[in-house]
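Construct all of the structure, not just a fragment, from the sequences and the given hints.
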Amino acid sequence: MRRMLTAKLRNSSGVLNRFTGVLSRRQINIESISVGPTEVKDVSRVTVIVDVE
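Numbering-wise, our numbering comes out as the position in the sequence shown, counting from 1, plus 27.
Hints are computed from structural coordinates only; laboratory data are not their basis.
Where is the CB? At the ideal position from N, CA and C, for every residue including glycine.
Heads up, some of the hints might be wrong.
[As the list claims (entries may be wrong)] Dumping the calculated SDA-like pairs for lysine to any residue here, alpha-carbon to alpha-carbon at most 25 Å:
no.: 1; residue 1: K35; residue 2: R52
no.: 2; residue 1: K68; residue 2: R29
no.: 3; residue 1: K35; residue 2: T47
no.: 4; residue 1: K68; residue 2: G41
no.: 5; residue 1: K35; residue 2: S51
no.: 6; residue 1: K35; residue 2: K68
no.: 7; residue 1: K68; residue 2: R52
no.: 8; residue 1: K68; residue 2: R45
[As the list claims (entries may be wrong)] Pairwise CB distance ranges (calculated):
no.: 9; residue 1: E80; residue 2: N38; range: 25 to 35 Å
no.: 10; residue 1: S40; residue 2: E80; range: 11 to 21 Å
no.: 11; residue 1: G41; residue 2: S61; range: 15 to 25 Å
no.: 12; residue 1: R45; residue 2: I76; range: 11 to 21 Å
no.: 13; residue 1: G63; residue 2: R29; range: 12 to 22 Å
no.: 14; residue 1: M28; residue 2: K68; range: 29 to 39 Å
In C-alpha cells:
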C-alpha cells in the first residue's frame, strides 16, 4: 500500500539523512522523494512516497 508523507525540515546538513534513517530503521521502503523550498527561510518541504505493508 502506498502512502504519501509530507514534512517540513530544517535546511541544514544531516537533517534529511536523519529523516530517511527513521524510515529505514522501521523497514519502510522509499519509492520517491522530493525536496523543495518553503516560504520560511532555512526550511524545506519534503514529500516522500512510501510502500508499507
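Checked hints:
1. Our distance criterion of 25 Å between C-alpha atoms is met by K35 and R52, whose separation comes to about 20 Å.
2. Proposed proximity of K68 and R29 is contradicted: the alpha carbons are some 31 Å apart, above 25 Å.
3. The hinted pair formed by K35 and T47 meets the criterion: a straight-line CA distance of about 13 Å does not exceed 25 Å.
4. A threshold of 25 Å between alpha carbons decides the hint, and for K68 with G41 the separation of about 17 Å falls inside it, so the pair holds.
5. Proposed proximity of K35 and S51 is supported: the alpha carbons are some 19 Å apart, at most 25 Å.
6. For the hint linking K35 to K68, the alpha-carbon distance of about 12 Å falls within 25 Å, and the restraint holds.
7. Restraint check for K68 and R52: the C-alpha separation of about 30 Å exceeds 25 Å, so the hint is violated.
8. Among the hinted pairs, K68 with R45 is consistent with the structure: their alpha-carbon atoms are about 20 Å apart, no more than 25 Å.
9. Our hint of 25 to 35 Å for E80 and N38 holds, since their Cβ atoms are close to 32 Å apart.
10. One distance hint, 11 to 21 Å for the beta-carbon pair S40 and E80, is violated here, with the actual separation near 33 Å.
11. Between G41 and S61 the beta carbon distance is about 19 Å. The supplied range of 15 to 25 Å therefore holds.
12. R45 and I76 have their C-beta atoms about 19 Å apart, which keeps the hinted 11 to 21 Å range intact.
13. In this structure the supplied range 12 to 22 Å holds for G63 paired with R29, their Cβ-Cβ distance being about 20 Å.
14. Remark: the range hint 29 to 39 Å for M28 to K68 is upheld by a beta-carbon distance near 36 Å.
The structure fails hints 2, 7, 10 (numbered hints given earlier, in ascending order).
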